[in-house]
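Engineer: Sequence:
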Amino acid sequence: MVLLDKIQKAQSVTDDAANLLKKKKYIEGRKGNYYIAAEISAITDKKAEYSKNKALDKQYYLDFILKAISDHKSLNRKEIDELLWTKLPDWMNDEQRKNRIHNLITQLRSDGKITNKGGFTNPEWVLG
Numbered sequence: 092m093v094l095l096d097k098i099q100k101a102q103s104v105t106d107d108a109a110n111l112l113k114k115k116k117y118i119e120g121r122k123g124n125y126y127i128a129a130e131i132s133a134i135t136d137k138k139a140e141y142s143k144n145k146a147l148d149k150q151y152y153l154d155f156i157l158k159a160i161s162d163h164k165s166l167n168r169k170e171i172d173e174l175l176w177t178k179l180p181d182w183m184n185d186e187q188r189k190n191r192i193h194n195l196i197t198q199l200r201s202d203g204k205i206t207n208k209g210g211f212t213n214p215e216w217v218l219g
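Residues in the sequence shown are numbered from 92 upward in steps of one, following the working numbering.
Hints were generated in silico from the structure; no laboratory data involved.
Given the structure is predicted, the values throughout are model-derived calculations rather than measurements.
None of the hints are false.
Pairs of lysine-lysine, BS3-like flavour, derived with a Cα cap of 25 Å:
(1) 145 with 122
(2) 145 with 189
(3) 100 with 113
(4) 178 with 204
(5) 189 with 149
(6) 114 with 100
(7) 189 with 143
(8) 138 with 100
(9) 100 with 116
(10) 149 with 164
(11) 169 with 208
(12) 204 with 189
(13) 158 with 204
(14) 138 with 149
(15) 145 with 116
(16) 145 with 113
(17) 178 with 145
(18) 169 with 145
(19) 100 with 115
(20) 178 with 138
(21) 158 with 189
(22) 137 with 100
(23) 169 with 189
(24) 149 with 204
(25) 115 with 145
FRET-style restraints, in silico, Cβ to Cβ:
(26) 130 with 203: 32 to 42 Å
(27) 158 with 100: 36 to 46 Å
(28) 135 with 167: 37 to 47 Å
Glycine is no exception: its CB is placed at the ideal position from the N, C-alpha and C atoms.
Based on the sequences and whatever the hints tell you, model everything.
Structural biologist: Below, the structure is given as structure tokens:
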């Protein structure tokens, strides 16, 4: 399984090869960020690696932010970044992590669960 070895080493594979591996449920993820599937990780003793790559449920992150704001009365963006940075999947780069956190904050704000009491340049998020 040369292709699976390439996936584990984060090397590129052709779209056709990736589609075949996904169809056989050997890999998961998106183009450029493929990782071995749960079943394969169990066979190859890479369970922890799989869990680091697999994103947690979106609701987990939302609840985590809300709980932290509840505990501390408010959080700024830097604190929210610190809270979630290592919880996001390993395959994400810094820009993807920032975007993901931004989207989570935006969803909480849009849902009326948090509000910004600080302003645009120094946001301070409190429960809505």
